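Engineer: I would like the entire structure built from these sequences, with the hints used as guidance.
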Amino acid sequence: MNLYVQRQDLNALLATPEAAHEVAVLLENDELLPTVQQKLKAILPDLKIENWREISPESDLIASYTGQSAMIIVAIIVIALAFGIVNTMLMAVLERTREIGMLMALGMRKERLVTMIVAETCMLTLIGVPVGLLLAWATVEWLSKKGIDFSVFANDMMSEFGFSAILYPELPWNSVLQVVIIVICAALLASIYPAMKTVRLKPVEAIKQ
Amino acid sequence: MELVIDAHNISKVYNPDTIPVYAVNNVHLHVQRGEFTALVGPSGSGKTTLLNLIGGLDAPTEGRIVINGTDITAMRTNELIDFRLRNIGFVFQSFNLIPVLTAKENVEFIMLLQGIEKKEREERVRSLLQEVGLADKIDTMPSQLSGGQQQRVAVARALASKPQFILADEPTANLDSKSASNLLDIMAMLNKEENMTFLFSTHDSRVIERARRVITLVDGRISSDTAAVSTVH
Ligand SMILES: Nc1ncnc2c1ncn2[C@@H]1O[C@H](COP(=O)(O)OP(=O)(O)O)[C@@H](O)[C@H]1O
Ligand SMILES: [Mg+2]
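Protein chains in written order, with numbering that gives the first Met the number 0: chain A, 0 to 208; chain B, 0 to 232.
The set of hints was computed from the structure by calculation and includes no laboratory data. Quantities reported herein were computed from a predicted structural model and do not represent experimental measurements. No residue lacks a Cβ here, since even glycine has one placed at the ideal position from N, Cα and C. Fair warning: there could be bad hints in the mix.
[What the hints assert, rightly or not] Below, in silico cross-link-like pairs of lysine to aspartate or glutamate (EDC-like), each with a Cα-Cα straight-line distance of 16 Å or less:
1. Lys161(B) <-> Glu121(B)
2. Lys201(A) <-> Glu78(B)
3. Lys201(A) <-> Asp57(B)
4. Lys201(A) <-> Asp81(B)
5. Lys47(A) <-> Asp8(A)
6. Lys117(B) <-> Glu104(B)
7. Lys109(A) <-> Asp81(B)
8. Lys144(A) <-> Glu169(A)
9. Lys207(A) <-> Asp57(B)
10. Lys161(B) <-> Glu193(B)
11. Lys109(A) <-> Glu78(B)
12. Lys196(A) <-> Glu110(A)
13. Lys40(A) <-> Glu21(A)
14. Lys109(A) <-> Glu98(A)
15. Lys40(A) <-> Glu53(A)
16. Lys161(B) <-> Glu130(B)
17. Lys145(A) <-> Glu110(A)
18. Lys161(B) <-> Glu192(B)
[What the hints assert, rightly or not] Using C-beta positions, here's what the derived DEER-type ranges look like:
19. Met140(B) <-> Ile147(A): 43 to 49 Å
20. Asn173(B) <-> Val130(A): 38 to 44 Å
21. Ile137(B) <-> Leu80(A): 42 to 48 Å
22. Val217(B) <-> Leu80(A): 38 to 44 Å
23. Leu134(A) <-> Met140(B): 29 to 35 Å
24. Val179(A) <-> Leu2(B): 55 to 61 Å
25. Gln143(B) <-> Ala135(A): 52 to 58 Å
Structural biologist: What follows is the structure, encoded as structure tokens:
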């Protein structure tokens, strides 16, 4: 149970004018924590400077668990994404086996065909990746203003540990970069492999398919 | 006379290890420049296989194929691809145009592969599409063309590389009789006016009538050859 009183009243009751036994410092960003704590310790060597992880180890535990499970979910999504891309590119090449066979029959060299297919994939990726990024950025930007309200599900639970029930997401640019690299690699690998396989067919076999 | 196709006792055997199928069986065939020759025979008689062998799309199990003095039998893949590009024109039964390219681009790209200058390409595409009667369809997509028109684009494409001869596997099989006769008119005109050699397979009697030489295949063997008959006389 929390009870709120005026500081003057409390000071009068405790006969300790102008005193406070605890000051909470709210930071803009959790990443500032170690430096600010260091600085405060340097400035105020007589006081006990604790961060929230030290005061509430259970919140720290929950936060790190949440971080880990988020990593696992991201890994699963990225793997599913890679398979999706491989599948799309595989189909894009395989459904054109006939056309590729015809080009070989008419006189297009194998290395030129492979280059053509890979170049097409690059173009698709170069169009798809920025469009996807733009959509992701717009969505996160909108949600970061509006917030995602979890109060219906877990109002008490969230506030009990000092978290707001409304989350304001932001785009972590370094993980975005990782995903972009994975997407490009998956697309290239997924097109080179069937392209090499297709041009290894004899033109008559490819045309028949 | 100038020999352009010299197929020297060629055979093609499928499944040699299990149940061997002699799709082409010891065929000996000469085609001179300027011929307009039909390859006929029932379905499964080996017409497609023989045309693929002559066109360097498939390798014979036995025998040698000499095109315009060059033996193509032992060529490596890329060598053969380059040879086809410069020497052989193909027309397929199912048109096989590139769906995302216009009529003009379909004809032009083969010259692009040959490294021909843009100006020359443009002029040649124009005159070729004119010859096959499609001057007004130059920027049309294949999907907007009728079967007969698509096949005429394919003929223009085959001509674009200035090949030694054109191989056409059942070029009229997917066409109505009017389009078929129109296509034959164009092929005959190109044969007469440009001395372009045509070797085409068919089992349509109206197409066979138009040929000057008829080679009949049965079970992979030549069972009759009107040119051979006429030289014997
Ligand atoms: N890839 C293949 N594998 C096995 N047999 C084949 C293959 N291609 C063709 N054949 C057989 O070779 C014979 C000749 O076929 P094809 O040349 O297509 O005849 P046509 O074009 O006259 O109908 C047929 O008996 C056919 O079944
Ligand atoms: Mg056939």
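Engineer: Decide, hint by hint, whether the structure agrees.
Structural biologist: Hint-by-hint comparison with the structure:
1. Lys161(B) <-> Glu121(B): holds (15 Å)
2. Lys201(A) <-> Glu78(B): Judged against 16 Å, a Cα distance of about 14 Å means the pair holds.
3. Lys201(A) <-> Asp57(B): Given that 16 Å is the threshold and the Cα spacing comes to 7 Å, the pair holds.
4. Lys201(A) <-> Asp81(B): holds (15 Å)
5. Lys47(A) <-> Asp8(A): Judged against 16 Å, a Cα distance of about 25 Å means the pair is violated.
6. Lys117(B) <-> Glu104(B): With Cα atoms ~12 Å apart, Lys117(B) and Glu104(B) stay inside 16 Å; holds.
7. Lys109(A) <-> Asp81(B): holds (11 Å)
8. Lys144(A) <-> Glu169(A): holds (10 Å)
9. Lys207(A) <-> Asp57(B): holds (13 Å)
10. Lys161(B) <-> Glu193(B): Since the Cα atoms of Lys161(B) and Glu193(B) sit roughly 11 Å apart, the hinted pair holds (cutoff 16 Å).
11. Lys109(A) <-> Glu78(B): Holds, at roughly 11 Å.
12. Lys196(A) <-> Glu110(A): holds (12 Å)
13. Lys40(A) <-> Glu21(A): Roughly 15 Å between the alpha carbons, so the hint for Lys40(A) and Glu21(A) holds.
14. Lys109(A) <-> Glu98(A): Within the cut-off at roughly 13 Å; holds.
15. Lys40(A) <-> Glu53(A): Holds: Lys40(A) and Glu53(A) sit about 15 Å apart, inside 16 Å.
16. Lys161(B) <-> Glu130(B): holds (14 Å)
17. Lys145(A) <-> Glu110(A): violated (52 Å)
18. Lys161(B) <-> Glu192(B): Since the Cα atoms of Lys161(B) and Glu192(B) sit roughly 14 Å apart, the hinted pair holds (cutoff 16 Å).
19. Met140(B) <-> Ile147(A): 43 to 49 Å: Cβ of Met140(B) to Cβ of Ile147(A): about 47 Å, so the range 43 to 49 Å holds.
20. Asn173(B) <-> Val130(A): 38 to 44 Å: Roughly 40 Å apart at Cβ, these two residues keep to the hinted range, so it holds.
21. Ile137(B) <-> Leu80(A): 42 to 48 Å: holds (43 Å)
22. Val217(B) <-> Leu80(A): 38 to 44 Å: violated (57 Å)
23. Leu134(A) <-> Met140(B): 29 to 35 Å: Given about 31 Å between the Cβ atoms, the range holds.
24. Val179(A) <-> Leu2(B): 55 to 61 Å: Once the Cβ atoms are compared, 60 Å apart, the range 55 to 61 Å for Leu2(B) and Val179(A) holds.
25. Gln143(B) <-> Ala135(A): 52 to 58 Å: With Cβ atoms ~39 Å apart, the hint is violated.
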